[in-house]
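Q: Construct all of the structure, not just a fragment, from the sequences and the given hints.
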Amino acid sequence: MEKYYKAFKHGVTLPKGEFYGAFVESHFEELYGLFDFFYYAKSWEIFQRNVCWARLYANEGVFIHALTLAVIHREDFEGFILPTIYEIFPQYFFNSKFVFEAEKFDYDVWSKYIMYEKEYKDFLYTDYTKYFKEFDDKYHYEYYNYFYTKDWKVWQWWKLMGLDYHWYSEEHFMLRDNSDHFNKDSKYLDMIKDVKKFWMPVDYTRDVYFFNEESYLSYFTEDVEWNAFWYYFNLDYAPFLQGEAFGLSEDRRGEYYFYVVRQIWEHRGGCGVQHLQSQEGHLDARGS
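Note that my numbering numbers the sequence shown so that position 29 is 29, with each residue one more than the last.
Careful, some of the hints might be misleading.
Simulated restraints, written as ranges between beta carbons of each label pair [to be verified]:
no.	residue 1	residue 2	range
1	224	260	12 to 20 Å
2	87	233	13 to 21 Å
3	97	60	19 to 27 Å
4	19	43	32 to 40 Å
Bear in mind the hints are in silico, worked out from the structure with no lab data behind them.
Here a beta-carbon is modelled for each residue, glycine too, at the ideal position from N, C-alpha and C.
A: Here's what the structure looks like:
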């Protein structure tokens, strides 16, 4: 902590806007120093002042990494939730096309355009929708998923892709998408009443060979929630946290780390294993 402060006073800390890498030794030392500023703050007021100061002067990557670590490991912050990492740094989890579309997105223009499109389709398919149902009854397919504009909510993006409730049961389960429909907390409802939600669908399972031969693994490598899990998992058991000081001495961290890696390899990366086998030859149980 003292070393970090001295480095800041002499102007040699990582500037804002520069690349931050957790495995770069000098960056790691800054992370550890700033983390101590947050973790060992003796009161909420001191912690708040330290965070406000760091937000103004520390590198963005160092700041978010140190702050998230402190929130996770301070006992008095149990239950305190920060925005997810892919909301803080979307550029690390989504491609440039998606980020550009989100930056230029105009909700009013989009909602008017999409409602016009749906009303047009309602008119266009009025005389044909009954045949969709008859086709399903005859051939036992689930293609009868056309819906009218009056039955559609502007945030139900999956319906625009031709997906119905069999694929996305938002009416039966409490998800972040529809939490305002289930939550009865008056303060929450008052806060969320003017919030407009919009989902931009991203499909990594079609045209997978468009970019290169590796892109057919994109269902796995581009999985936002999985990447976020891996990020938070490495914060829960950060290798530089001393077991005795942080209550981790009995957690068998090394064994658990390799257990999680093995589970990911076996249960989520099956296609990746097959791909590597086809490219590099036989892989044994250790993945070597």
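Q: Each hint should be assessed against the structure and marked as holding or not.
A: Okay, the hints, checked on the actual structure:
1. 224 - 260: 12 to 20 Å: Distance hint for residue 224, residue 260 holds at roughly 18 Å.
2. 87 - 233: 13 to 21 Å: holds (18 Å)
3. 97 - 60: 19 to 27 Å: The hinted range 19 to 27 Å holds for residue 97 and residue 60, with Cβ atoms some 23 Å apart.
4. 19 - 43: 32 to 40 Å: Distance hint for residue 19, residue 43 holds at roughly 34 Å.
In summary, the structure agrees with every hint in the numbered list given earlier.
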